[in-house]
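*Asks:* Those protein sequences? They're chains A and B, same order as listed. Its first residue numbered 2, the first sequence is counted upward by one per residue in the working numbering. Its first residue numbered 87, the second sequence is counted upward by one per residue in the working numbering.
A hint or two may mislead.
Said to hold, decoys possible - Cβ pair distances, simulated, as ranges:
{"no.": "1", "chain 1": "A", "residue 1": "323", "chain 2": "B", "residue 2": "295", "range": "54 to 62 Å"}
{"no.": "2", "chain 1": "A", "residue 1": "366", "chain 2": "B", "residue 2": "204", "range": "55 to 63 Å"}
{"no.": "3", "chain 1": "A", "residue 1": "353", "chain 2": "B", "residue 2": "268", "range": "49 to 57 Å"}
{"no.": "4", "chain 1": "A", "residue 1": "323", "chain 2": "B", "residue 2": "218", "range": "31 to 39 Å"}
{"no.": "5", "chain 1": "B", "residue 1": "235", "chain 2": "A", "residue 2": "444", "range": "26 to 34 Å"}
{"no.": "6", "chain 1": "B", "residue 1": "114", "chain 2": "A", "residue 2": "409", "range": "23 to 31 Å"}
{"no.": "7", "chain 1": "A", "residue 1": "397", "chain 2": "B", "residue 2": "205", "range": "56 to 64 Å"}
{"no.": "8", "chain 1": "B", "residue 1": "233", "chain 2": "A", "residue 2": "397", "range": "42 to 50 Å"}
{"no.": "9", "chain 1": "B", "residue 1": "298", "chain 2": "A", "residue 2": "414", "range": "31 to 39 Å"}
{"no.": "10", "chain 1": "B", "residue 1": "149", "chain 2": "A", "residue 2": "414", "range": "26 to 34 Å"}
{"no.": "11", "chain 1": "B", "residue 1": "249", "chain 2": "A", "residue 2": "406", "range": "36 to 44 Å"}
Claimed, not checked - Facing chain A, from chain B, some residues (calculated, C-beta under 10 Å):
{"no.": "12", "residue": "132"}
{"no.": "13", "residue": "137"}
{"no.": "14", "residue": "139"}
{"no.": "15", "residue": "160"}
{"no.": "16", "residue": "163"}
{"no.": "17", "residue": "167"}
{"no.": "18", "residue": "184"}
{"no.": "19", "residue": "185"}
{"no.": "20", "residue": "300"}
To be clear, the hints were calculated from the coordinates, so they are not data collected in a lab. We put the CB at the ideal spot given by N, CA and C, even for glycine.
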Amino acid sequence: MAIEQPLVSDEYAYGFNDGDVSVLKFGQGLTRQTVEDISRIKQEPKWMLDFRLHALDIFWKKDMPGWGADLSALDFAKIIYYVKPSENQGRTWDEVPQTIKDTFERLGIPEAERKFLAGVSAQYESEVVYHSIHQDLIEKGIIFTDTDSALREYPDLVREYFGTIVPAEDNKFAALNSAVWSGGSFVYIPKNVTSPIPLQAYFRINSQNMGQFERTLIIADEGSFGHYVEGCTAPIYSSESLHSAVVEIIVKAGARMRYTTVQNWAPNVFNLVTKRAVAYRDATMEWVDGNIGSKATMKYPSVYLVEEGARGMVLSIAVAGKGQHQDTGAKMIHAAPHTTSTIVSKSISQLGGKTTYRGLVHFAKDAAGAKANVRCDTLIMDDLSTSDTVPSSEVGNASALMEHEATVTKVSEEQLFYLTSRGLSEEEATRLIVMGFIEPFTRELPMEFAVEMNRLIKFEMEGAIG
Amino acid sequence: MILQIANLHAKVGDKEILRGVNLELPLGQVHAIMGPNGSGKSTLAQVLAGREEYTVNGQVLFDGKDLLSLSAEERAFMGLFLAFQYPVELPGVGNLYFLRTALNSVRKHRGLDELDAVDFLAYAQKRMDLVEMDRSLMSRSVNEGFSGGEKKRNEILQLAILEPKLAILDETDSGLDIDALRAVAKAVNALRSPDRTLLLITHYQRLLDYIVPDQVHVMTEGRIVRTGGKDLALELEQHGYLADAKDHTLPVGGHR
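Model the full structure from these sequences, guided by the hints.
*Replies:* Right, here's the structure in full:
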């Protein structure tokens, strides 16, 4: 995803906006009418409208979380809940409106698609404006489409799984997403089918006060393998935008699914996301989750290990700069014997930023012989910045094994001297040390994303070093 | 003279560690500084390489330029190199990438083209063969999990790659068994050149059996107190440092 254009902002690479390009834009605020209008525009079946309205009731009843990031600046009455950016979804980039196409060109998506992706979905505001998938994946029976299209084209599949992993009752933001969701990806990988190269979705917010509520549902059938990658950006405005997604993943027996996120929201975006997977017998679910940017992120990818031998992994990094709070972590629910999980959390705080690792490992009483390994490493770049670690575990089976290790480090004077004595500037030296710190994360990314990640980190670090 | 040190003082807080060092090193020679623990040898090495925690006074000319006004990286650009007594671990930073970044940074400031990954690998492999370094170490993180001998060997490899005019080897022999010592010494000898000065800092004479110096200096209590030929090392080994410090108080190299 190389970007040839000069960077627009000193602090955030993707802060440009396209003006108002929408063909339909709701007013600010959320009412029952808002939800009914979204459902009517999309010509949804009645069960989905009922699902939305039920969720809206839950959203209104539920309190804001009493923990985590400070969300007091988030005003639900000021958010715009639906913006339709174009009349139709493109199957080629030429069918996408020019301004929007230019934006994705600038973000490097078409180039990345040509080079190394099996399929691309590009969501702009509330709707997916471009979608493609390699013909050979279609021939293997893989479904990769936006969730609205899936609801029309695969109604039975969607109805069977939608909202089963993350019910609207789960939390206030899951309820909000359930009420006003639009867009997102739907992926189905048939039994014993392998998707060797990644499917990518790209989410772009353009409008001020925009709320983006994509809904992603992934089903990896028995013995299958897939890798889904998402990236996100937005312009910088003085008022807040909201990104509140729900991701539900079902990994059936013997299947393996990896979900990789490199989120780079502008520093005015509240990023409040519920990501959860269920892994069945001997299945493997891996979350690779990178959080750079946003005003506040609250996100705790989780895996419910519900049958014997299921494995879960969360590998995450969070970078918090000036005025930012990354409250992130992971949840592993061991509900069956001999399930295993690994959590590796790396966080970096700089320029007064704050990172919090918040994690839960739960061993149910049936989780005989289950094992969990948690490792949290924090790098604090200066005296203004802070970091917290809030791990918790619940052990209902005496034979379960839990290991936890946490480190907090600063860039050491010794390391800097070693590198500068070899001819590196202090800035280059710091960057190298930070790259090394997050290497356990970047090494898991597809190469092109690893390059992008390092570029982003380099960019974030500029200005952090005096 | 590649290096001329005159009346060099260095303090950490109120503690004066270097108390007027005078030393001159001609280009192309190998010199050794010997002395007891705490005599200031390693401080001298670190001050010369540009470590910032010291308050420094005096004059140091490196290749005719005022060394003390330069940052650590500028000293590296000019061709000064310190092989660390305790090489620093850099978790997650690949050794090969580190070495290429360092070389390219130095090359850039010397007005040379940067080497791409392919060209650098070819260059690095030649230097690895020269210092007989196991190539598997290149794919690991810098010094992380290296044995003592591997760490020291990695320092010598950096020396071979960066090709400095003056290399200071700070107790490169410490912590090495006799086989590792021989191997490191062989690598260092392969890097001797009329265009390069080596300054060996050591406690023990045994390193000098393998890397034979042109001159030996004795340092005690923050000063160079005696200078002689290579036989001086043997004499020190037999009689110790302190006796010598009392017997030979004439500073050497302090002509100005």
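*Asks:* Could you run down the list of hints and mark each one as holding or not?
*Replies:* Taking the hints in turn, this is what the structure says about them:
no.	hint	in the structure
1	A/323 x B/295: 54 to 62 Å	holds, 58 Å
2	A/366 x B/204: 55 to 63 Å	holds, 57 Å
3	A/353 x B/268: 49 to 57 Å	holds, 53 Å
4	A/323 x B/218: 31 to 39 Å	violated, 49 Å
5	B/235 x A/444: 26 to 34 Å	holds, 27 Å
6	B/114 x A/409: 23 to 31 Å	violated, 48 Å
7	A/397 x B/205: 56 to 64 Å	holds, 59 Å
8	B/233 x A/397: 42 to 50 Å	holds, 44 Å
9	B/298 x A/414: 31 to 39 Å	holds, 36 Å
10	B/149 x A/414: 26 to 34 Å	holds, 27 Å
11	B/249 x A/406: 36 to 44 Å	holds, 41 Å
12	132	holds, 8 Å
13	137	holds, 5 Å
14	139	holds, 7 Å
15	160	holds, 9 Å
16	163	holds, 6 Å
17	167	holds, 8 Å
18	184	holds, 7 Å
19	185	holds, 9 Å
20	300	violated, 25 Å
Going through the hint list in order, the structure does not satisfy hints 4, 6, 20.
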